[in-house]
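As you go down the protein sequences, you meet chains A and B in turn.
Numbering-wise, the numbering used here puts 146 at position 146 of the first sequence, and it's gapless, one number per residue.
Numbering-wise, the numbering used here puts 1336 at position 336 of the second sequence, and it's gapless, one number per residue.
Simulated from the structure, these hints should not be mistaken for lab results.
One or more of the hints may lead you astray.
Under the rule of at most 25 Å between Cα atoms (straight-line distance), these lysine-lysine pairs were calculated in the PhoX-like manner [claimed, not checked]:
| hint | chain 1 | residue 1 | chain 2 | residue 2 |
| --- | --- | --- | --- | --- |
| 1 | B | Lys1371 | A | Lys360 |
| 2 | A | Lys371 | B | Lys1100 |
| 3 | A | Lys240 | B | Lys1360 |
| 4 | A | Lys371 | B | Lys1066 |
| 5 | A | Lys385 | B | Lys1152 |
| 6 | B | Lys1154 | A | Lys382 |
| 7 | B | Lys1240 | A | Lys360 |
| 8 | A | Lys66 | B | Lys1327 |
| 9 | A | Lys360 | B | Lys1066 |
| 10 | A | Lys360 | B | Lys1236 |
| 11 | B | Lys1360 | A | Lys79 |
| 12 | B | Lys1385 | A | Lys152 |
| 13 | A | Lys66 | B | Lys1371 |
| 14 | B | Lys1132 | B | Lys1114 |
| 15 | B | Lys1132 | A | Lys360 |
Example chain B residues on the side facing chain A (calculated, C-beta under 10 Å, incomplete) [what the hints assert, rightly or not]:
| hint | residue |
| --- | --- |
| 16 | Thr1095 |
| 17 | Gly1101 |
| 18 | Gly1350 |
| 19 | Arg1351 |
| 20 | Met1354 |
| 21 | Ser1359 |
| 22 | Glu1361 |
| 23 | Pro1365 |
| 24 | Asn1406 |
| 25 | Asn1408 |
| 26 | Ile1409 |
Example chain A residues on the side facing chain B (calculated, C-beta under 7 Å, incomplete) [said to hold, decoys possible]:
| hint | residue |
| --- | --- |
| 27 | Thr258 |
| 28 | Gly350 |
| 29 | Lys358 |
| 30 | Ile363 |
| 31 | Val383 |
Backbone N, C-alpha and C fix where the C-beta goes; we use that ideal spot for every residue, glycine too.
There are 2 protein chains.
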Amino acid sequence: MTINLKNFLNPKIKMAKMGEFQELQPIKGLEISSISADLYGDGRDDLTLFYFQEGANFAAIYTTSKITSASINWNLKIKKNFAKALLVNTKNANTFTGIKGAQGLKEVAHVLSKVLTIRSSQSPKGISEVVKITDLLFASTGVIGEDFPYIKIKNRIPELVKKLKTETNKFVWFKAASAIMTTDVKPKLAYEECKIGNKSVKISGIAKGSGMIAPNMATMLSFIFTDANIPSIFLKAILKTVANTTFNAITVDGDTSTNDMVVIFSTGKAKNAKIYNVLDPNLQDFKKALHRLSLNLAKQIVADGEGAKKFITIEVIGARSISMAKKIGFSIANSPLFKTAVAGEDPNWGRIIMAIGKSKENIIPNRIQIKIGDQLIVDQSKVAKDYSEKKVKEYMKWDSINIEVNLNIGEADYTVYTCDFTHDYIDINADYRN
Amino acid sequence: MTINLKNFLNPKIKMAKMGEFQELQPIKGLEISSISADLYGDGRDDLTLFYFQEGANFAAIYTTSKITSASINWNLKIKKNFAKALLVNTKNANTFTGIKGAQGLKEVAHVLSKVLTIRSSQSPKGISEVVKITDLLFASTGVIGEDFPYIKIKNRIPELVKKLKTETNKFVWFKAASAIMTTDVKPKLAYEECKIGNKSVKISGIAKGSGMIAPNMATMLSFIFTDANIPSIFLKAILKTVANTTFNAITVDGDTSTNDMVVIFSTGKAKNAKIYNVLDPNLQDFKKALHRLSLNLAKQIVADGEGAKKFITIEVIGARSISMAKKIGFSIANSPLFKTAVAGEDPNWGRIIMAIGKSKENIIPNRIQIKIGDQLIVDQSKVAKDYSEKKVKEYMKWDSINIEVNLNIGEADYTVYTCDFTHDYIDINADYRN
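Using the sequences plus the hints, can you model the full thing?
As structure tokens, then:
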């Protein structure tokens, strides 16, 4: 099925085929709505609401930046682990918007809580509950320092709530994943199913990239929903572990955003047996499924990195510690010289060596072995014996490049995912605000 | 005077006007020679020899990378503070060239010591001294991992020594500064005069950039010569202090080379009174002159950064410590998002905020003030009251952009120099080895 996304996507974006993406399933207890508050001035969707009529446990990870969005500051103040709704806007980051930015967000929260309370009272199930402003989470992404358009957002909340869909079919998910995009070219969606005990559990997740992607929750928003019944405290522990090798293992440009947020909500509707312990063997399958889903979304973010033409996997093995492997992996992945060489399809392994060296990690140079694809390139402090530049040059033409660095001094490893550095990155970012 | 550089420069380089550069003066006790060993295959100069018949005190600073060139390894093994010659080659970094690279260098050293010993015995002054291989220093720059072309280099040494010029006039300096270039577009030269006591002292320096330029001696070679008489131990202390706010205050792409080296030689021919103490007030003038010269060369390196169109000065003031100011300055200067915005002449100050935040330094967001040129942009956590985007956009069209970040939490400051990130950077680096 090919749908014309022009009605709700950034019009610069070409048609996308829904068939390319995983079909996400509804998550019981979650309703979704995406509409336009015309923040871009072209009618594309820019507001998305996720609503849990009966609430949901949640756990979130935020940017490590010392300067954070008003929306992140809001979320951090909420000490509860139970939420009723998450409102996401694009175009405006609500960062460095002064007191007005924070006050504007508060006004939005008041209106949202009021409109949701009214809706709750009209619930066919007859459940009527007051939605408090502390039941609400927010995420913003876009330009820093422009006045937060809270009036435009506020005015669209009645319509946003009215359009909430209980039946979150694949089209609703696709529309939501598209509405949270900024410079992304494709929406990012992932789906998994698993078992907790004898109950089937669903996990649906969406994300956006695409610049300022660096370790530690860099310019990314990722919203994950499950009908599993897992207490927030365990969700948090699981999410942290999972993020370490997924969302925190990717980098586009080494820049870190002020607005990053990965959050998982659990509605409990799958009615699995209560979990009392994060090490409960019943959680094994869920942990694996969440890891698959997160890695899938993280890879989609990198593949859609600004201007990216090639997907690069850097495996650092044989390190003394995971920290060493991670530092070296990111030193390579963030090196502009390395990334431009990949863009030029040039197997310039000297730049991998340079990036290993500049990490300052205590390696032993003559133990390093580097593979590009399955070809050994570097061995014993020099180019490998059977190295064929011709073969590697062929390999470098592929869309997906694997690099393995074996430090041969220990047992630890870490994998980093990144993309190349192209002319389009410059075009997108030299002119981002126009 | 316009000279055709085609005969000794990389032929890709356009004509350069010697009149654009400072005229360097001869340094008594120093002879220079630059010729081609045809390492590039196009006849450009690629070998440069600096020779001190009566030797010179010296001090050097090397790359902080954990992987270093065979030439740097050689220099580090020499425990003397007195040198007879420095040989520089371009095209080949002699890094990750295995045992053969180190052995090749040793062969070159043996030939050079022999040929220089013969020359010494033919000296008109009748000074005949054996030049030992431990009297020799080396510098290499170019591609990592390609076999070190020691035979080609060795074979050209007799000619290189034969061409040594005592009368190092401006043309000889210009030729040498051109011979050490790689992807540099312009040679880099600087000259200063000063007094030590009642004696006039000269300082002549040349450098090369232009990618892999990042803090801590990143991909740069800089060779400075003075006729002052200063013991090596004091030279070292002075050079370290000077480099901290000059060569170590610049960044092109955040990448650090395996081959960086800044070295100062002092021939003693100015016959200034002996220096017994690095705090000797007689050294004040020299320290200032060396700082001016080093900053001059460092700025030339940035201005000629790969693909650079704009020179950017980032002053971080009001920090709690110099280290804090430096980290924030480099976090901004190395951010691809910031650098591409400058290339696009877009005053996207949100990216400066992002880069301050990602430095993880303990700032107070609402105290930050940012100026672009002399316009206040950010104040009290938001855009400044009288901010005129129109005016700043005009300013962004200039070739040289000043950014001041006042953290308003302390007294320390630090200035970083960098350049923008353009399409040409990608072109140069995607295709560097071809």
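Hint check:
no.: 1; hint: B:Lys1371 / A:Lys360; result: 34 Å, violated
no.: 2; hint: A:Lys371 / B:Lys1100; result: 22 Å, holds
no.: 3; hint: A:Lys240 / B:Lys1360; result: 20 Å, holds
no.: 4; hint: A:Lys371 / B:Lys1066; result: 20 Å, holds
no.: 5; hint: A:Lys385 / B:Lys1152; result: 23 Å, holds
no.: 6; hint: B:Lys1154 / A:Lys382; result: 21 Å, holds
no.: 7; hint: B:Lys1240 / A:Lys360; result: 20 Å, holds
no.: 8; hint: A:Lys66 / B:Lys1327; result: 13 Å, holds
no.: 9; hint: A:Lys360 / B:Lys1066; result: 6 Å, holds
no.: 10; hint: A:Lys360 / B:Lys1236; result: 23 Å, holds
no.: 11; hint: B:Lys1360 / A:Lys79; result: 24 Å, holds
no.: 12; hint: B:Lys1385 / A:Lys152; result: 23 Å, holds
no.: 13; hint: A:Lys66 / B:Lys1371; result: 20 Å, holds
no.: 14; hint: B:Lys1132 / B:Lys1114; result: 8 Å, holds
no.: 15; hint: B:Lys1132 / A:Lys360; result: 33 Å, violated
no.: 16; hint: Thr1095; result: 7 Å, holds
no.: 17; hint: Gly1101; result: 7 Å, holds
no.: 18; hint: Gly1350; result: 3 Å, holds
no.: 19; hint: Arg1351; result: 7 Å, holds
no.: 20; hint: Met1354; result: 6 Å, holds
no.: 21; hint: Ser1359; result: 7 Å, holds
no.: 22; hint: Glu1361; result: 7 Å, holds
no.: 23; hint: Pro1365; result: 5 Å, holds
no.: 24; hint: Asn1406; result: 15 Å, violated
no.: 25; hint: Asn1408; result: 15 Å, violated
no.: 26; hint: Ile1409; result: 12 Å, violated
no.: 27; hint: Thr258; result: 5 Å, holds
no.: 28; hint: Gly350; result: 3 Å, holds
no.: 29; hint: Lys358; result: 4 Å, holds
no.: 30; hint: Ile363; result: 6 Å, holds
no.: 31; hint: Val383; result: 5 Å, holds
Violation of the numbered hints given earlier is confined to hints 1, 15, 24, 25, 26; the remaining hints are satisfied by the structure.
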